[in-house]
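Colleague: This is what each chain is made of:
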Amino acid sequence: KNEVEQSPQNLTAQEEEFITINCSYSVGISALHWLQQHPGGGIVSLFMLSSGKKKHGRLIATINIQEKHSSLHITASHPRDSAVYICAVRSLGGYQKVTFGTGTKLQVIP
Amino acid sequence: NAGVTQTPKFQVLKTGQSMTLQCAQDMNHNSMYWYRQDPGMGLRLIYYSASEGTTDKGEVPNGYNVSRLNKREFSLRLESAAPSQTSVYFCASPQAYGAHTGELFFGEGSRLTVL
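Quick mapping for you: the protein sequence lines, in order, are chains X and S. Using the numbering used here, read the first sequence as starting at 1 and increasing by one per residue. Using the numbering used here, read the second sequence as starting at 1 and increasing by one per residue.
I should point out that these hints are in silico values taken from the structure, not numbers from a laboratory. Hints are not guaranteed to be accurate.
Derived pair list, reagent style BS3-like, types lysine-lysine, alpha-carbon separation capped at 30 Å [claimed, not checked]:
hint, chain 1, residue 1, chain 2, residue 2
1, X, Lys105, X, Lys53
2, X, Lys97, X, Lys55
3, X, Lys105, X, Lys54
4, X, Lys55, X, Lys105
5, X, Lys97, S, Lys71
6, X, Lys68, S, Lys57
7, X, Lys54, X, Lys68
8, X, Lys55, S, Lys14
9, S, Lys9, X, Lys97
10, X, Lys97, X, Lys68
11, S, Lys71, S, Lys57
12, X, Lys105, S, Lys9
13, S, Lys9, S, Lys57
14, S, Lys9, S, Lys71
15, X, Lys97, X, Lys53
Given the sequences, and given the hints that come with them, work out the whole structure.
Modeller: So, in structure tokens, the structure goes:
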């Protein structure tokens, strides 16, 4: 079992739909990251969370430390949101190893 | 403010050839990492450098060497490229707040094909 599991793996949505991407992890963590990768492009950090909820524009990220679960929500989705969204967790101690999920590929159709 | 810069963006090699991927960050971060990204897998750590002058193996170090030339630069070398090293390579550097690490900054990636 992977230490970081994302669901769904692929997601197609209509423009303006509310989108949720889930991330579950199995290790103790100091922080969780949500990242965005456009096709053929680099990786951009969206959020870093250690508790609670963060919001940036139409993006909202939440984390439940007790349940080892995080969600990324996109409100009023737009075709430019089409990308791969990657969850990554930073473990406790040492050099704080980062373990990445395999990503959720989102396509938003006009 | 360039952040993390890596070169080259694309490279095609023949089996057995060598090459070096270069990475530089202008954020004065201590730590730098090299990852590879393969279809259907999460990014995997090849090598990391927690500070200038130190390097350590990650999950998949075989076939690679690294050099932390100074605080800014961290290079990844393939001494004898193999088709299994066909991948997209990312350099990354985390922000740090004392003993705690923060946001991750990535380069744009280097797409390497080994024939």
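Colleague: Each hint needs a verdict: does it hold in this structure or not?
Modeller: Do the hints match the structure? See the list:
1. For the hint linking Lys105(X) to Lys53(X), the alpha-carbon distance of about 23 Å falls within 30 Å, and the restraint holds.
2. The straight-line distance between the Cα atoms of Lys97(X) and Lys55(X) is roughly 25 Å, inside the 30 Å bound, and the hint therefore holds.
3. Proximity of Lys105(X) to Lys54(X) is assessed by CA-CA distance (about 22 Å); at most 30 Å being required, the pair is judged to hold.
4. For the proposed pair Lys55(X) and Lys105(X), the alpha carbon gap of about 21 Å is at most 30 Å, so the pair holds.
5. A distance of roughly 20 Å separates the Cα atoms of Lys97(X) and Lys71(S); the hinted pair therefore holds under the 30 Å criterion.
6. Using a Cα cut-off of 30 Å, the hinted pair Lys68(X) and Lys57(S) holds, with the two alpha carbons roughly 28 Å apart.
7. The hinted pair formed by Lys54(X) and Lys68(X) meets the criterion: a straight-line CA distance of about 17 Å does not exceed 30 Å.
8. The hinted pair formed by Lys55(X) and Lys14(S) fails the criterion: a straight-line CA distance of about 47 Å is larger than 30 Å.
9. Of the supplied pair hints, the one linking Lys9(S) and Lys97(X) holds, its CA atoms being roughly 26 Å apart against a limit of 30 Å.
10. Between Lys97(X) and Lys68(X) the alpha-carbon distance is near 17 Å, which keeps this suggested pair within the 30 Å criterion.
11. Distance check on the hinted pair: Lys71(S) and Lys57(S) sit about 18 Å apart at the alpha-carbon level, within 30 Å; holds.
12. Restraint check: the Cα-Cα separation between Lys105(X) and Lys9(S) comes to about 23 Å, which is no more than 30 Å; the hinted pair holds.
13. Distance hint between Lys9(S) and Lys57(S) is fulfilled; the C-alpha atoms sit about 24 Å from each other, no more than 30 Å.
14. Proximity of Lys9(S) to Lys71(S) is assessed by CA-CA distance (about 22 Å); at most 30 Å being required, the pair is judged to hold.
15. Note on Lys97(X) and Lys53(X): the hinted pairing holds, with a Cα-Cα distance of about 23 Å set against a maximum of 30 Å.
Going down the numbered hints, you'll see the structure goes against just number 8.
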